[in-house]
Amino acid sequence: MKQMSKRILTVSALAMAVAAPHVSAANWSDTSVGYRYGSDFTEPFNPNDVEKHILSLTHASGYDYGQNFFNVDLLQSDNQDPANGDARGEGDGAFEAYVTYRHQLHLGKIFDKDLSFGPVKEVGLTAGFDLNTKNTEVAPRKQMLVVGPTLKFDVPKGFLDFSVLYAHERNHNGKNSTLLTPKPNDVTFNDYTIYNLTWGLPFQVGSVPMKFQGFGNYNTAKGKGTTDEQLVRTSLMVDVGQLAFNKNNTVWAGVGYEYWNNKFGITGAPGVDTHAPTFNLEWHF
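All the letters of the sequence shown, read from the start, carry residue numbers 877 to 1161 under the working numbering.
No wet-lab data here; the hints were simulated from the structure.
Treat the hints with care, since some could be wrong.
[Said to hold, decoys possible] Simulated DEER-style distance windows between Cβ atoms: (1) 991 to 1159: 35 to 41 Å; (2) 993 to 1078: 33 to 39 Å; (3) 1013 to 941: 42 to 48 Å.
[Claimed, not checked] As a list, the in silico EDC-like pairs of lysine to aspartate or glutamate whose alpha-carbon atoms are at most 20 Å apart: (4) 1139 to 916; (5) 1018 to 1104; (6) 1139 to 949; (7) 985 to 972; (8) 1139 to 1104; (9) 1123 to 906; (10) 1051 to 988; (11) 989 to 940; (12) 1018 to 940; (13) 985 to 1030.
Even glycine gets a Cβ: it sits at the ideal position worked out from N, Cα and C.
Produce the complete structure using the sequences and hints provided.
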């Protein structure tokens, strides 16, 4: 039964990710390049704060029956988070790439029915994947598939979505084997649940256009000695392009914050809790 559920998850996620975007042309789209900087990031089993420069490429688009979201983060740490083969405090630091893709089907549009109730305007089905790689000694290679229902709330502007996602994850641990005691490097976790809240809420303070955006995840334990995990990443941004050049939604600047408790499901170790303010920039085109 468990193997069958994994197959269903795999097929449904891939089918939605590959086929659905081609159902009809996009009604709207938004693509941006972003930059985040912070000096208070942490890594498990590392007692030191880590400085990171993060470049991102983000694309969101919508069509008649749903929407797409794609993001890739390129993260460069300082030498307090060493690359494989470097000692802490030496070298350029570790480099990581993290890819996220989500596709959302709007069930009311598909079945031509009004599924709204209370503050909810639409019910969706979300599926997608996360992939990452990082050149540390652990050498993680995350492969995660998710699928589950989404409630889309009726807000005056922007969006507010709540999803309950079934997650299946594999990863890699390069420190899980030695020449004397070889062990498998690939780890398949128990399937778990992600409670996800995502928001993008534009507003105005006097003549200043602003937006409050971000996401929050609550992940249940996934076996292998893990515990529940919480991640919130949010930012408050000002449309400086509108203020300086009279071009709205081009250049945004602001401040952000990352809260990560029990990072990767690890507890009781240094570096597993993050409280990191950030400086954020976005260029939309």
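Right, here's what the structure says about each hint:
Separated by about 36 Å at the C-beta atoms, residue 991 and residue 1159 satisfy the suggested range of 35 to 41 Å. Judged by the Cβ atoms, the range 33 to 39 Å given for residue 993 and residue 1078 is violated: they are separated by roughly 25 Å. The supplied range of 42 to 48 Å is met by residue 1013 and residue 941, whose beta-carbon atoms lie about 45 Å from each other. At roughly 14 Å between alpha-carbon atoms, residue 1139 and residue 916 fall within 20 Å of each other, so this suggested pair holds.
Proposed proximity of residue 1018 and residue 1104 is supported: the alpha carbons are some 18 Å apart, at most 20 Å. With a C-alpha separation of about 18 Å, the suggested pair residue 1139 and residue 949 falls inside the 20 Å cut-off, and the hint holds. Distance restraint check for residue 985 and residue 972: the Cα-Cα separation of roughly 38 Å exceeds the 20 Å cut-off, and the hinted pair is therefore not satisfied. At roughly 9 Å between alpha-carbon atoms, residue 1139 and residue 1104 fall within 20 Å of each other, so this suggested pair holds.
About 15 Å separates the Cα atoms of residue 1123 and residue 906, which keeps this hinted pair within 20 Å; it holds. For the given pair, residue 1051 sits about 52 Å from residue 988 by alpha-carbon distance, which is inconsistent with the 20 Å threshold. This hinted pair checks out: residue 989 and residue 940 have alpha carbons roughly 14 Å apart, not beyond 20 Å. At roughly 32 Å between alpha-carbon atoms, residue 1018 and residue 940 are farther apart than 20 Å, so this suggested pair is violated.
Between residue 985 and residue 1030, the direct Cα distance comes to roughly 16 Å. Compliance with the 20 Å bound is thereby established for this hinted pair.
Checked against the numbered hints given earlier, this structure breaks hints 2, 7, 10, 12; the rest are met.
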